[in-house]
Amino acid sequence: MRQGLALPFYGHYLHNPTLPALVVAGTYHSYQELGDLAATIASLLVDPGNGPVERVGILASRSVEAMAGILSACWAGVTFVPLNPKYPEGRLATIIRNSQLSAIILDSAGCRALTDTVLACCPPLLIAPCLDDHTAGTLAIRGRQTLAGYAPIPPAQTPREEIAYILFTSGTTGEPKGVMVTVANVAHFLSVSQERYRLTADDRLSQQSELTFDHIVFDLFMAWGAGASVHVVPENMAMAPAEFIRKQELTVWFAVPSVISFLKGMRLLRPGIFPSLRISLFAGEPLPRDSADAWQEAAPNSRIDNLYGPTEVTVDCLWQPYRAPHAITPNRGVVAIGRPYPGMHAAIVDSGNNFLANGEIGELAVAGPQVSAGYWRNPELTARRYPRLVHPELGETTWYLTGDLSYQDEDGIFHYLGRVDNQVKVLGQRVELEDVEFHLRAVCGSDAVAVIAWPVLHGTAQGLVAFVTDSTLEQKAVKDGLRQRLQAYMIPRRIVCLEQLPLNLNGKVDRKALAAVLEAEKQPHV
Amino acid sequence: MPPRETVRNFLQELLAEYGETAGFSDDTSLVISGMLDSLAILRIVVFLEQEFGLDLSDQGFDQNDFDSVASIMQMIDRVGQAGTE
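Chains as they are written, first to last, in our numbering: chain L, 1 to 526; chain P, 1001 to 1085.
Just chain P, with the same shape it has in the complex:
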């Protein structure tokens, strides 16, 4: 499955746990809008580590980076590139 789909599916399940069953686009704000909370961000961090083997520890990122499918994909690209340098 392409990474974007994997991320989308994970977020869809996470949102369902929070009772958010309406659809969402790649640009829908999930955290700042209040649909997901800080605990959900921690779940996303663990998911990205396990699913993509990402090491986020050296990256300067903030809550905005976890706000949408698009911003999470950008972060995956950024961390991936940093890892291959």
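Just chain L, same shape as in the assembly:
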């Protein structure tokens, strides 16, 4: 069976070309206009003169090129790899090199990220569709391809097993790992989401995250499936979008719960300020009950759903509506993660991958049509995290082990309790503490380092704190060194120097003891 993720867009392009598809910085782009751009880039991507293009990177942020770039890859039937211009050059270069891209689509921020180190890893085909020649000239992009001479083509249909996108996320080895999500995975996620939310051409959706966060799959493809518009939140409002939601009269809002506590902290969340919202979705980290209540007051006409899902299971795969009787995880004050999407299955397993009974605590495992194809060029890790298990009712099938500690209550609702490993979430972004430690060791030239999430509120890390043992290290120099290697949200807020790191009985660094050190600092000095 063949399928094309750009086909629903194409339907509106043909039949409702004047409807707005995308709004960036106050400028509306119709289905006609955005479709023409994407179809022209697609024509360049499938041109045999450019060699077979298998994977195209999108090095762009919150721009027309970013959204048109993703659409054009789907239009051409090639895999897209979202890249973030804000990543430090080392990280960016590693991802570009590892994913073996055939082409990269750039906006102006993307062009600025092309340092010599990054350029050395780039494929020859660099496409900057919206830059005028002067800007592109001053940016001195090597071998830049123009769209001149290309005309729009109809969208491709590809086998459903084809990889739609590869999303790179923090890995424990210090190198990012790529999650391969198929066209069939995305199609299932979109169809059950549309079944539930029934979006129409009257809807106006937010696009709040960077491309490297898979919320974008919901924002773009749900909107374009319905003939609705996507409204890109400017970066300076991403965490405090109150004005934006009001002025754009958004009907669908999808973000991480931290945005709610941030708006509360900035005194911007007041009762009734978001009357236009009819659907509010939160995912990426635990949703505190207080935050859900505050949002419900601010958006009285909106339903609120708490969504759960790792990138490996295609955006989200469990959901819990926030309505009476409220499903709250006992002793945590957070909304439960709920039940699996239609067609998906969730279960709890022990460390030997045996299925556990209701009420028992273990690792959450997920099966079904949204379970992705595994990690890019990493069969060993894929086999470990995506085992084939024999389930008493489902028989033998592939499960994804989420690494999330969880249990199912007597009503069949799942609750999230924490991690079985050292992955933490900072503003909804996955961070493996070992990843930060790997780079911290390199910067410090010492093995005696550790990183913890601190402070943690409702299961959400407010930031990271690093511990080192070399008292000659300058805090600023260490942070600057890390900035060369890691994304901003992975940089520890503080570098604390201890004489030695506390160890647990296994001889490993005792992160709980390190947290206790910081906890003690908060006590008033006598």
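Derived by calculation from the structure, the hints in this document are not laboratory data.
Bear in mind that the values here come from a model prediction, so they are computed numbers and not experimental data.
Backbone N, C-alpha and C fix where the C-beta goes; we use that ideal spot for every residue, glycine too.
One should not assume that every hint holds.
[Claimed, not checked] Covered stretches of chain P, as calculated for chain L (at least 3 residues, CB under 8 Å):
| # | stretch |
| --- | --- |
| 1 | 1002 to 1009 |
| 2 | 1027 to 1038 |
| 3 | 1062 to 1070 |
Go by the hints and put chain P onto chain L.
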């Protein structure tokens, strides 16, 4: 102490907590440059409320308004004027 000095001193202490001990001018970008993060902005909001009695709740402002000493001073003026109307 003049308000500008009070703000400067507070930001200097905040920056020190973040390991940023280099000097900064009234126009130095503190948030967008990555020296301070969103949690720091919340601390600035609370500081402005406590120190100057500002009510920021009716103002449409964004992260840019907290980016430098100069932009914070502009915000104080703006909110102060709105309060006396």
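Now for the hints, and whether the structure bears them out:
1. 1002 to 1009: This one is violated; 0 residues, fewer than the three required, reach chain L with a Cβ under 8 Å.
2. 1027 to 1038: This one holds; 4 residues, not fewer than the three required, reach chain L with a Cβ under 8 Å.
3. 1062 to 1070: Held - the stretch 1062 to 1070 of chain P has 3 residues with a Cβ nearer than 8 Å to chain L, which meets the minimum of three.
Checked against the numbered hints above, the structure breaks only hint 1 and satisfies the rest.
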